[in-house]
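So the sequence lines, in the order shown, correspond to chains U and P.
Everything in the first sequence is counted per this note's numbering, starting at 1 for the first residue and increasing by one.
Everything in the second sequence is counted per this note's numbering, starting at 1 for the first residue and increasing by one.
There could be a bad hint or two in this list.
[To be verified] Only pairs whose alpha carbons sit at most 25 Å apart, straight line, appear in this in silico DSS-like list of lysine-lysine:
#	chain 1	residue 1	chain 2	residue 2
1	P	K160	U	K38
2	P	K149	U	K22
3	U	K91	P	K35
4	U	K57	P	K110
5	U	K57	P	K35
6	P	K35	P	K255
7	P	K160	U	K71
8	U	K56	P	K35
9	P	K151	U	K56
[As the list claims (entries may be wrong)] Part of the chain U face toward chain P, derived, beta carbon under 7 Å:
#	residue
10	M1
11	N4
12	Y7
13	D47
I should point out that these hints are in silico values taken from the structure, not numbers from a laboratory.
Here a beta-carbon is modelled for each residue, glycine too, at the ideal position from N, C-alpha and C.
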Amino acid sequence: MIANYGYKDGSGEYYISIDTDKCIGCLAERACLAACPKQMFEIITDDYDDEVAWIKKPNCRTLAYDCSECKPAGGYSSLPCITACTPGAIKHSW
Amino acid sequence: MNAEVVAETVPEKKEFWRWQESVWIDETKDWKSAKIITCGIDVGSVSSQAVLVVDGELYGFNSMRTGSSSPDSATNALAGVMDKCGMKLEDIHYVIGTGYGRVNVPFAHKAITEIACHARGANYMGGNGVRTILDMGGQDCKAIHCDEKGKVTNFLMNDKCAAGTGRGMEVISDLMQIPIAELGARSFDVDVEPAAVSSVCVVFAKSEALGLLKAGYTKNKVIAAYCQAMAERVVSLLERIGVEEGFFITGGIAKNPGVVKRIERLLGIKAMETKVDSQIAGALGAALFGYTLMSKKAAAA
């Protein structure tokens, strides 16, 4: 399942997509949890009883601001969460 | 001026946004002879629904406005449908809560997100050909892609702003002073289809609508411009997850042809039709999840 967390507003579309099929039995030992400086990721049991990562609810409405430090303007060449997630489950829409 | 005179001169406040609440029972079925009775309660931000499923089939529902308390709304919704058929809470084997207030349903055995429940409900209502689901809820909008079993394969939800939601339509209904149920039909009663209201935000869209009225637009033309804006907004969400044939709309706005027809026009595909109230999809899905759980338990015993 592709789970898109985020929003679209007047300034643009801000979604973090998580491919939960790659998340089940994570091969990166849940490295996303520690990689995110804002600690936005959390492991939950989803509606189909799979243990997967999601974005904490309050962050879903403030992604544009929460992720800004990790974008190229913040000095990063690649996003920490995407780099940490070696199975490639995480994507940013912006 | 005394109070009596003031009361006479102040016009009655009409609630143009108020939609029709409904209770329905399938009179052809007898719940007393059923093996498994499950219930789904969808406590949404604007409306609450209680759905009863008897042996895996829809038996009855109650759809009403959500009050200030989620537990009370859940209790009232269920009481409404149980009263209609003479059922008691003890007769129901399993209750699942969904929607914004799902964790506040006092008698629920489990809570499941509205995304999974809408997919399951749409799969029941539209059949296993349903693939793309648009839920236009009271204060959020969800685009869901599911498989032939109604399992979610891709979803996104926008609950940050009210644009493209039922609440946005209620605001326009009140502003135009036209009952919400009439907005869809009136949006087609225009000589030339206007461009969409450009504002994304409902608050700004309201200001823009007022400006259009002052610029000489008829009410119908403003409604058409707003319906078009809503359609464009939700279509952009749908396109993000990918639109596939087998398109189904749930939620209250599925009853507004002004928005539905414009979405169909933009997507180039027709939405599937159903005889079941589109607003109950979430609660229906929850009740069906309950039925599956109980069936598995019964099979394991």
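(request) Verify the proposed pairing of P:K160 with U:K71, using a straight-line Cα cut of 25 Å. (result) With Cα atoms ~22 Å apart, P:K160 and U:K71 stay inside 25 Å; holds.
(message) Restraint: U:M1 near chain P, CB-CB cut 7 Å. Satisfied or not?
(response) holds, 6 Å
(message) For a C-alpha distance cap of 25 Å, please report whether U:K57 and P:K35 respect it.
(response) With a Cα-Cα distance of about 39 Å, the restraint between U:K57 and P:K35 is violated, given a limit of 25 Å.
(message) Need the status of pair U:K57, P:K110: alpha-carbon distance at most 25 Å?
(response) Distance ~20 Å between U:K57 and P:K110 Cα, so the pair holds.
(message) Please verify whether P:K149 and U:K22 have alpha carbons no more than 25 Å apart.
(response) Distance ~21 Å between P:K149 and U:K22 Cα, so the pair holds.
(message) What's the verdict on P:K151 and U:K56, does the C-alpha distance respect the 25 Å limit or exceed it?
(response) Holds, because 23 Å separates the two Cα atoms, which is no more than 25 Å.
(request) Using 7 Å as the Cβ threshold, decide whether U:Y7 counts as touching chain P. (result) holds, 4 Å
(message) Can you confirm whether the C-alpha distance between P:K35 and P:K255 stays at or below 25 Å?
(response) Violated, at roughly 34 Å.
(request) Take the C-alpha atoms of U:K91 and P:K35, compute the straight-line distance between them, and say whether it is at most 25 Å. (result) Roughly 46 Å between the alpha carbons, so the hint for U:K91 and P:K35 is violated.
(request) Would you check whether U:N4 satisfies its interface hint, that is, whether its CB is within less than 7 Å of any CB in chain P? (result) holds, 4 Å
(request) Assess, step by step, whether the Cα of U:K56 is no farther than 25 Å from the Cα of P:K35, and give holds or violated. (result) violated, 40 Å
(message) For the restraint on U:D47, tell me whether the closest CB of chain P is nearer than 7 Å.
(response) holds, 4 Å
In summary, the structure is inconsistent with hints 3, 5, 6, 8 from the numbered list given earlier, while agreeing with the others.
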